[in-house]
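Each chain is listed here by its residues.
Protein chains: 2
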Amino acid sequence: MSAFDELMAFQRQTEALAQVGGRLGWDQETVMPEGAAGQRAEEIGALEGVLHSRRTDPRLDGWLKAAKAPDAAGEAQLRLIRRSHARTMKVPAKLAEEIATVMSLAQGVWAEHRAKEDVAGFLPTLRRVVELKRQEGAALAAGGDPYDALVDDYEPGMTGAAIAAMFDAMRPRLVRLREKVLGAAAPKGVVGVFPAEAQLALSRELATVFGYDWSRGRVDLAVHPFSSGSGHDVRITTRVSETDPFNCFYSTIHEVGHAAYEQGIDAAYALTPVGQGVSMGVHESQSRSYENQLGRSRAFTGWLFGRMREVFGAFGIADAEGFYRAVNRVHPGYIRTEADEVHYNLHIMMRFDLERALIRGELDVADLEAAWNERFRADFGVAVDKPSNGMLQDVHWSCGLFGYFPTYTLGNVYAGCLVKALRGDLPGLDGQMADGDVTAATGWLRERLQRHGGLYEPRDVVRRACGFEPSEGPLLDYLEAKFGAIYGV
Amino acid sequence: MSAFDELMAFQRQTEALAQVGGRLGWDQETVMPEGAAGQRAEEIGALEGVLHSRRTDPRLDGWLKAAKAPDAAGEAQLRLIRRSHARTMKVPAKLAEEIATVMSLAQGVWAEHRAKEDVAGFLPTLRRVVELKRQEGAALAAGGDPYDALVDDYEPGMTGAAIAAMFDAMRPRLVRLREKVLGAAAPKGVVGVFPAEAQLALSRELATVFGYDWSRGRVDLAVHPFSSGSGHDVRITTRVSETDPFNCFYSTIHEVGHAAYEQGIDAAYALTPVGQGVSMGVHESQSRSYENQLGRSRAFTGWLFGRMREVFGAFGIADAEGFYRAVNRVHPGYIRTEADEVHYNLHIMMRFDLERALIRGELDVADLEAAWNERFRADFGVAVDKPSNGMLQDVHWSCGLFGYFPTYTLGNVYAGCLVKALRGDLPGLDGQMADGDVTAATGWLRERLQRHGGLYEPRDVVRRACGFEPSEGPLLDYLEAKFGAIYGV
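Protein chains in written order, with the numbering used here: chain A, 942 to 1430; chain B, 942 to 1430.
Derived by calculation from the structure, the hints in this document are not laboratory data. Do not rely on the hints blindly, as some may be mistaken.
If chains are identical, the list can't say which one is meant, so a pair holds when it fits in one copy or spans any two.
[To be verified] With a straight-line cut-off of 20 Å between C-alpha atoms, the simulated SDA-like cross-links for lysine to any residue are: (1) Lys1035 to Ala944; (2) Lys1035 to Phe951; (3) Lys1035 to Met942; (4) Lys1031 to Gln1076; (5) Lys1009 to Gly986; (6) Lys1423 to Ser1045; (7) Lys1006 to Glu1388; (8) Lys1423 to Arg1239; (9) Lys1129 to Gly1254; (10) Lys1006 to Thr1029; (11) Lys1423 to Ala1126.
Same shape as in the complex, but just chain A (with noise of 0.2 Å):
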C-alpha cells in the first residue's frame, strides 16, 4: 500500500469511530434511560480517549510526509487530515487534558446556576473556560490573534477581523429595518391547540418533501432540536408545542436542511474528512435556506396554509396572505433561539463582539454581564429582565464553544447569496412551491454546492455554487424587501 492508501485506510476508521461517538450522542438525548447518564460519561470519554491517541498517532506525520494525492478529492483529503492533525500537536496534551475534564462541567454548572438566575455563581467556572480557551487559541495561533484561531475551528479560513467588517456592514440597516417593522402594526398569529401526534405527522410530511432520505435517518423527539451524523446514517430530531405548531414545523425544516447537506454529499465521500459538511457556516446556510428563505416564503407557505387547514380545520387565520404574514411576524424579545429573521442576527452580532473582546483581553468576565445588558438596550431598545434572558441564556459559551456564533450570521449570509442565485436558474420556483414542490431548489443545492462536502474550502464553495463573491448585500436585500412588503413600510 501506498502511504496515501495506508494514510486513508487508517483515517476511515478514525473517522468510523467518530461517528460512533455521535451516535452515543444522539442515544443521550433522545432514547437513554435517565440511569445510564454516569456510565454513558465514562463511555463517551473513553472513546474520546481513543479519537485522541488516534489522532495524535505517530504514523501519521509519516503517511502525511510521505502521501501523495491521487486526484483532487485527494489533494482536499490530505489538506482536511493535515490542518486536523496540526490542529491537534499545537494544543499541548496536559492543556487539552484540562479544557476536556473543565468542559464536561462547566455545562452542568451553567445549567444550575441559570436556574437560580445566579450571575455570579457562575461567574468563577466562565473565568476558567475563557482562560483555558484563550489559552487554546494562543496555542492554537503561535503569535497571531487567539480569537481567529478558534473561528478557525468551525469557520476555516475566516477571521475575527473579515467578520467584523462584515457585521459592521449589516448592523445598521438590520436596526433600521427593525425599528421600522416594530413600529407598524403586528400581524395575527394562529390561536387553538394542534394535537401533538398531527404536528408530527405533518413534520414527517414536511421533512419529505425536503427530501429528506429516510432510508438513511430517522426523526424522534428531544428536547433540543438536533441533526447527528453523517453519509448513510443521518437522524434528527425535534420538538412539540401544542399551542405554536411553527416550533415543530419550522426546527424540523431547519434539521432537513442540516440532514439533507450531509447526506446529499457525495457518496464515494463517505467516512473521510471530505465526506462531511465543510463548515458550521456552510451547514448553517442549509438549514437557513431550507428554514427561512424557502419554507416561509410566500409561495410555499401558501402551499403550508392549504395543509394545515386539511390536518387542523381552522385555526384563526382567514387565507393564505394571513398565514404567510403569521408566519413571519416579528416580535422584540431577549432569546436568540427564539428570534424571526429580522431580530436573528442582532442577537448573533453582540454574541461576536462580547466573546471576541473575552478571547482578546479586552473585557473581563466581571464586567460582561454590565456589557451584555448595555449593548441589549442599544440593538433592541429593552432592558434585559433577568439572567436566564440575558447572558445566562446560552449553553455556548460554558461549553468552550467561542467562535462558534457568528457562523450562525454567515450561514444566513451564505443562504441569501445561494437562494439569490438558485432563484435565477429557477425562475419556475415560487410556481412549484406553491404546490408543495420544493425539489427542484434542493436539487439545485444538492447538486450545486451539497455534494461536494468537504472538497473546496467554506467560502469557495459557496462562490463556486453562486458563481459570485459572497457578501452580506443579498441577504439584507432579502430582509427588506420581504419585510418591508409584509409590513408596508
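Keeping the supplied structure of chain A fixed, place chain B upon it in accordance with the hints.
The following block gives chain B in isolation, referenced to the frame of chain A:
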C-alpha cells in the same frame, strides 16, 4: 499507581468501549435506518479493532505479572482478566481476523439459503466456518479437546464430557415424559385478537412486576427479543403477535430475567469484568426461572389470568386452571425457539451432539442434514419436512457459535436447582405470586446469586445460592410433577 490499579483503570476503559459496542448492536436491531447497515458494519469493525488491540496490549502481560489483588473481588478481577488475555493471545492474529471476516458474511449467506430451503448452497460456507472454529478450538485447547475449549468461552469450567453425561441422564426421562404427555388430551388454547398496544402495556406491567429497573433500561420492539448492556444501561426488546399474546408476555419476562441479573449485580463492580453475568448458562438460569418456574407457575398464571380478563375481556378460557393448562400446553413442533418446557431440552441435546461431533471431526458437514433428520425422527417421532424446519433453522452455527447451545439446557438445569432452593426458603411464595407479587423470589435470586456477578465461577455461584451440588434432578422432578399433573399422566 500500583500495577493492579493501572490494570483496572485500563480494563475499565476497555469495558466501557465494549458497552459502546453493545449499544451499537442494540441500535442496529431496534432503531437503525435500513440504509445504514453497510456503514454500521464498518463502525462495528473499527470498534472491534480497538477492542482487539486493547486486549492484546503489550502492557497487560507486565501488569498481570506484577498485580497484587487487594481483596477477594480483586482476585476475581485478575482471574477473569488473565483468562480473557490468555484466550486472546492463544489465537493467532491471522486466524482471529479470518474468523471475524468469514463470520461477518456467513450469517447473511445462511439467511439467504434458509429462505430458499437450500442446504447445498449453504454447505460450503458452513464447512469453512466449522473448519475455522476447529482451528480456533485447537489453538485454545493446546492439545486438549477443541470442543471443550469452545464451550469454555460461554461456560467456563464446563466440558463436553460433563455435558454429555448430564444430557445422557436427562434424555430418557424427557423422551418418556414427552410420549406420555402427547398421548393425553391437549388443553385448549386462547382464541381471539389481542391488540398490540394493550399487549405492550401489559408486558410493561409484567416487566415491572418482575423487578425490571426502568431508570436503567427500556423496552423496544425487535424481530428477535434480546437483552443488551450491563451496569446502568440494560435494555430489552420484545415482539408482538396479535393472536398469540403469550409470545409477547413470556418473551418479555424471559428478557427481564436476563436484564435483572445484569441490573442486580453489585454497582461497585460496574465496568469491570466481575460486573457482568458470569456465564451463558447462569444467565439463562435467571431468564428461565423468571419465565418458566415462576412465570408459568400455577400461582402466577392465576394472577395473570385475572389481569388478561381485565384487559382483553373473554378469550375462550373459562377459569384460572384452564388458563394454567393453556399457558403450559405441550405441542410437537420443529422449531426450538417455539418449544415448550417438555420439548425444549430435546432440541438442545441433538444440537449439542451434532456440533460436538462436527468440531471433533467425527461428523462431516456433508452428512449433517441426514444426521439431524435421523435424530429428530428418533426423539420427536416425525420427519423434518423442510430445511428451514431442520438444520437451517438456527442462526448460531453460521455465526460460529459452537459450544453455545448446551448452555440453554444448563440454564434450565440451574433454574431447576435455584427454584427448588428458593421455594424451600420461601414457603409463602405461591400465595404472594397468586397476588402478582414475585418480589420474594426475585429478591432471593438477587441476594443469593445475581449481585455476585463474576465473583465466583459459574457452577460455584449456583451451588452457593442453592446450598447443594447442582444436578439435573430438580429440573426433571419439576417437569415430571408439573406436566404429570396438568396432563394426568
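Checked hints:
no.: 1; hint: Lys1035 to Ala944; result: neither (30 Å within a copy, 23 Å between copies)
no.: 2; hint: Lys1035 to Phe951; result: between (25 Å within a copy, 19 Å between copies)
no.: 3; hint: Lys1035 to Met942; result: between (35 Å within a copy, 19 Å between copies)
no.: 4; hint: Lys1031 to Gln1076; result: within (11 Å within a copy, 48 Å between copies)
no.: 5; hint: Lys1009 to Gly986; result: neither (34 Å within a copy, 27 Å between copies)
no.: 6; hint: Lys1423 to Ser1045; result: neither (42 Å within a copy, 56 Å between copies)
no.: 7; hint: Lys1006 to Glu1388; result: neither (34 Å within a copy, 60 Å between copies)
no.: 8; hint: Lys1423 to Arg1239; result: within (9 Å within a copy, 73 Å between copies)
no.: 9; hint: Lys1129 to Gly1254; result: within (17 Å within a copy, 51 Å between copies)
no.: 10; hint: Lys1006 to Thr1029; result: within (17 Å within a copy, 35 Å between copies)
no.: 11; hint: Lys1423 to Ala1126; result: within (16 Å within a copy, 81 Å between copies)
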